[in-house]
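Starting from the known structure of chain A, fit chain B onto it as the hints suggest.
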Amino acid sequence: MAGHSWATAASMRLSFLNESTSMDATGNRTACQQADAEFAAIHAALCSYRRRRNAIVSISRLSGDILSHIFSFLTGEITWNGKVGWVQVTWVCSRWRNVALRCPSLWQKINFNLGNEWADTFLTRRKSLPLYFTQFNCLPAHGRLIPRQCELMLKHMDRTKELQLTDSRSSDKAGMMRDFIQKLTMPAPLLQSFSLSLNVHHPLPSKLFDHIAPQLRHIVFSNVTNFPWTQGIFRNLVTLSLETWGPRPEAYTASFNDLLEFLRLSSSTLESLRLSYNILRLPGRPVHIPSKVSLPSLVELTLNEDLLAGTYLIRHLTIPHSAQVVLGLGHYQQRSHGELEMALGNLFPHIHCGNRKLDLHVEFISEEEGPYERGDFYVQIRRFLPQNVLEAKPAVVLTFDMDRDRQAERELTQDLFAALPPHMYNIRQVVMRTDQYSDSSTMAEVHQEDWAEILGKRRDIRHIYAECEAGAGLCEALGMYQLPPGWHIIGSTIEDMRVFVLPNLSSLILREVDFDELITIDDEDVSVHTMLCRNLQARKASGIPLDRLRLKACISSDWSWLEDLEGVVGAVVGLDYESLSLKEQKKMDEEDGI
Amino acid sequence: MPTIVSVDDSTVPGEGSSRLLLLVSSDNKHIVVEEDIMSRSRFISKQVEGFEATSQRHAILLPFSSFVLNKVIEYCSHYRGYYLLEDDPDAAPPGRSPVREWDQEFLDVDRNMLLRIIKAAHYLEIKSLVGSCARAIADMIRGKTTEEMREILGVENDFTPEEEHSPSSKCTG
Chain A
1 MAGHSWATAA
11 SMRLSFLNES
21 TSMDATGNRT
31 ACQQADAEFA
41 AIHAALCSYR
51 RRRNAIVSIS
61 RLSGDILSHI
71 FSFLTGEITW
81 NGKVGWVQVT
91 WVCSRWRNVA
101 LRCPSLWQKI
111 NFNLGNEWAD
121 TFLTRRKSLP
131 LYFTQFNCLP
141 AHGRLIPRQC
151 ELMLKHMDRT
161 KELQLTDSRS
171 SDKAGMMRDF
181 IQKLTMPAPL
191 LQSFSLSLNV
201 HHPLPSKLFD
211 HIAPQLRHIV
221 FSNVTNFPWT
231 QGIFRNLVTL
241 SLETWGPRPE
251 AYTASFNDLL
261 EFLRLSSSTL
271 ESLRLSYNIL
281 RLPGRPVHIP
291 SKVSLPSLVE
301 LTLNEDLLAG
311 TYLIRHLTIP
321 HSAQVVLGLG
331 HYQQRSHGEL
341 EMALGNLFPH
351 IHCGNRKLDL
361 HVEFISEEEG
371 PYERGDFYVQ
381 IRRFLPQNVL
391 EAKPAVVLTF
401 DMDRDRQAER
411 ELTQDLFAAL
421 PPHMYNIRQV
431 VMRTDQYSDS
441 STMAEVHQED
451 WAEILGKRRD
461 IRHIYAECEA
471 GAGLCEALGM
481 YQLPPGWHII
491 GSTIEDMRVF
501 VLPNLSSLIL
511 REVDFDELIT
521 IDDEDVSVHT
531 MLCRNLQARK
541 ASGIPLDRLR
551 LKACISSDWS
561 WLEDLEGVVG
571 AVVGLDYESL
581 SLKEQKKMDE
591 EDGI
Chain B
1001 MPTIVSVDDS
1011 TVPGEGSSRL
1021 LLLVSSDNKH
1031 IVVEEDIMSR
1041 SRFISKQVEG
1051 FEATSQRHAI
1061 LLPFSSFVLN
1071 KVIEYCSHYR
1081 GYYLLEDDPD
1091 AAPPGRSPVR
1101 EWDQEFLDVD
1111 RNMLLRIIKA
1121 AHYLEIKSLV
1131 GSCARAIADM
1141 IRGKTTEEMR
1151 EILGVENDFT
1161 PEEEHSPSSK
1171 CTG
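Protein sequences appear in the order of chains A and B. Residue 55 in the numbering used here sits at position 55 of the first sequence; the count goes up by one each step and never skips. Residue 1117 in the numbering used here sits at position 117 of the second sequence; the count goes up by one each step and never skips.
Okay, chain B solo, but in the shape it has when bound:
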C-alpha cells in the first residue's frame, strides 16, 4: 500500500470538470496529472474513490521513480478517452493483449526500463500496459535458445543435477 499524505487545496485544485491528482514518485518528485488521464489505472481509481468517501484529497505516493512514472503517464495520456478492452473492469478478460503499433514504439526501450514499466503498470493495475509490456518482453526471448534467454535477461542456470534430469524437466519425447 502506498503512503498517503494530506495536501492542501492550493497544491491540488479539485474543482472543475477535470480534477488534478498529485502523484509522488519514489525519488520524491511531485507530478500533477489530470484525474481523467489516470482513470485507466484501477489502483488510482480506487484511491480517488477513497478520497471521495472521506472528502479529503491526498497525494498518492508511488514506489517507483519519476522516470518510470512519466512513462506510464505518457501511455495513459496517449490512450486518454480510448476504450481498451483489457482495462474494462466489467468486460471478460480478453486473454492476450492485441498488438498496438504505438505501444510497440513506446516500449522500444532497454530491458531494465521495460521491466520497470511492467512492474509499475502491474502496481497501478493498468492491464493493457501490462499486456503490451509482457508481449514486448516475450518478443525479446521468442525463438531463442535457453542459453540465449538467460543471457538476455541476466539469469543463471540454477538447477541442481537432479532437477536438470528430472522427468518434469527435459521430456525427450
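Pulled out of the complex, with its shape left as it was, chain A reads as follows:
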C-alpha cells in the first residue's frame, strides 16, 4: 500500500522524464538537472524521516550522557592499518555523531596511527582539555609523519597529561625519537605520566621539562641512562619503573647513595618501585647508611637484579607487610661461596612476612664457569628456600628459571613441591620456562611427568605462564591433567597449537610475538597466525570458544589472519603497537627511498 502511493507520487513528480525521448540536448540537460534536484529533495526528505524514525528506537531514547558513556568503553579499541576502530560510532547516525563530537572526553587520546589529519581531528574535538599522547612510536612506516607528530606534541606539552613514547626497532628511524627526547625542555605543568621505551641506551636532556612538571607521578623508562635521581621533578613519584636491556656501561648504573636519597625524597608517595636488569650497582665497599629508608605507601616492589645487589637494597628498605614483593634475583656475576650464602641467608629475614604476596624468581645466568661449581648455587637455594617458603604461609609464587642445568632444576622443583603442604595450595601460578636455545623436546620429556604430577596435586592453580618453546611439554602435561574451568595461559608464542583446543582454557595472552620469530615461522607454509586461527575456529565449532585473546607488540607480514579472528574469539584486545603490516612498511620505505 505504502509502496503504491509513493510510486504514484513519484511518477507525478517525475513525469517530465516521460517526455525526455522527444527533447533536444538542452531539454535533456534541463530534465537531468530537474531530476537531480528531485532526487536530492527525496533524499533530504528520507533523511528527515529516518531521523524521526531513529528518534523512536530504544537506543535513541538514551540520554546523550549515557550514549557517550557507552562510547567511552570503546575508545580503547586499537586503530591500525587504516581501521578507525571506535571512531566509526560517529558514522552510524546523526545523533551518535552529535553526541560523540560534543563529548571532548572521548577524544583525549590523540591517535597518530591513523595519520596527521586524524590527529588534528582528535585535537579539535578534544577542545582545550588536557591531552594524552599514547601509542606513539617511531615505526619506519611512520617515518614521514614523525616530524609533524613531534611538532604537535611539543606544541601541546603545556596541556599534556600523559606522554607515552616507544622507540622504533629500526636503527634508521630510532634516531628521530632520541632527537625528539632532547627537545623535551619546555614546561609540562599538567604531565602526570611519562613512559619512554628506547631500544638503545640514551640519556634524558639535562633540562627535562625545564624542571617544571609538578604533577608528575608515574615514570616508566626502558633503557634511559643516567636517570637524574636527585632532580626535583622526580620527587613525589607514585610509580617508578626503570629497566635496561643488554649490557650497559657501569657508569650508567645507579649509585646506592643516589637511589636511597631518591627513595627518601619520595618515601611518602611511592607505591610501586620496579628496577630491572642492571639498574643497581653493588658498591665496591660498604656504604654508610645512617638509617633504613621507610616506604610506608609501597604496594609493590619488583627487583630483577643481581642477587647480591638486590638483597643489598632490600636490607636497606623498610616496607609494609602488605606490599607485594616480586624478586627476580639473577646470579649474573661470579660470587664466592660465602657471598652467596650471605645473600640468600639475608634475603628472607628482610622480606619474610606471613601476609605478603611474594613472587620469588631466582635464576642462574652467568655464562662463565666460576671458581665454584654451578651446583653450589642450587645447593644454596635448596638449603634456604624450602624451609623459608614453608614459613611464608599464604600466596607465595615461585618461579624457577634454571634451564641451563636441567638436573638441578628438576631436583629443586621436586624438592619444593614435595615439601609444600596443603596449606600452601593458594599458590596460583606456575611458570614453565625453557631456554629458547635449548633442546626443547628433551626439556619437555624431562618436565612432562613432573608437571603433570604437580598439577594433579594442585587443583587450585589457574594460571600457567608458558614461554615460547614450552608448548609440547605443556600440552603433554595438561593432557594428563583435567583442567578446572577458567584457565588462563600467558605466554609469548606457544609453539604447540594443541594448547588452544584445551577445553577449559578461557583466556590466552600472547605477550609478545617477536618479529624475528615470525620471520622464521613465515618462511614455512603455514604461519603461526594461520594455525592460531584454525585452532580458535575449531574451538568455536566445538562450542568452547576462547573468551579473550590478547596480543601485544605484534608484527605480521599479513594481517588477514587478524580479520579471520573476528567473531571467532570473544575479544581480541591489546594489539598495542607496531601493528602495521610489513607490506605497508616496505611500500612506504620504498617511497621514502630507503
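Keep in mind the hints are simulated off the structure, nothing from the lab. The structure presented is a predicted model; accordingly, all values stated were derived computationally and were not measured. Check each hint, because a few of them may be wrong.
[Claimed, not checked] Subject to a maximum C-alpha distance of 25 Å in a straight line, what follows is the list of computed SDA-like cross-link-like pairs (lysine to any residue):
id	chain 1	residue 1	chain 2	residue 2
1	B	1119	A	97
2	A	183	A	207
3	B	1119	A	61
4	A	540	B	1108
5	A	540	B	1101
6	B	1119	B	1105
Leaving out everything else, chain B in the frame of chain A:
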C-alpha cells in the same frame, strides 16, 4: 519526577532496623523492598530523605515496568552491603566501571531489556549499574562495522549527502 502517593502504615511498615519501601511500577505492580537494598540508588535515597523531613511515608511511583524494576532490585540485592566506588557520592568518579563477572551474567539479556535496564538505572541514579550496562552495550558493538552497528541497534543511516562528506565526518587521514 515521579508521582508520590500517600500510603498507610499497614502497607509499609516503617519500624525496625530495616524499613520497607513501596515501589510502584508503570504497570501498577506494587513491590515492597527493604530500604537497605535500594540505598544504592541516589534517587531513592533522596526520596527517603524527603519522607523523613515530612514524617510521612509514601509509595514511590516509577516510570518503568515491574519486569525491569525487579531486575534492578535483583542487582541491588546482590550488592547489598557491598562498597562499589561508582556509587559512592563522596568518591571521585572512577571513570569507567570495572568488569564484574556477576554483572556480565546478570546483563546477559536481550538488547531491548538491556536498554530498559540502563534507562531505569540512570533514572534511579545507580551509577555502577549504568556503567555495567554501558559496558555491555559497548561490547555488543565493539569491533563492528558502521553497518553492523546500525543493524544491531536498529538505527538507520540518516545522514544527508552533505553531512556524509563533511570534514567532520570521514577524515581520510
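To see whether the hints hold, each was checked on the structure:
1. Proposed proximity of residue 1119(B) and residue 97(A) is supported: the alpha carbons are some 21 Å apart, at most 25 Å.
2. Note on residue 183(A) and residue 207(A): the hinted pairing holds, with a Cα-Cα distance of about 9 Å set against a maximum of 25 Å.
3. Of the supplied pair hints, the one linking residue 1119(B) and residue 61(A) holds, its CA atoms being roughly 8 Å apart against a limit of 25 Å.
4. Straight-line distance between C-alpha atoms of residue 540(A) and residue 1108(B) comes to about 19 Å, which keeps the hinted pair within the 25 Å bound.
5. For the proposed pair residue 540(A) and residue 1101(B), the alpha carbon gap of about 21 Å is at most 25 Å, so the pair holds.
6. Straight-line distance between C-alpha atoms of residue 1119(B) and residue 1105(B) comes to about 19 Å, which keeps the hinted pair within the 25 Å bound.
Figure legend: structure checked against the earlier numbered hints; every hint is met.
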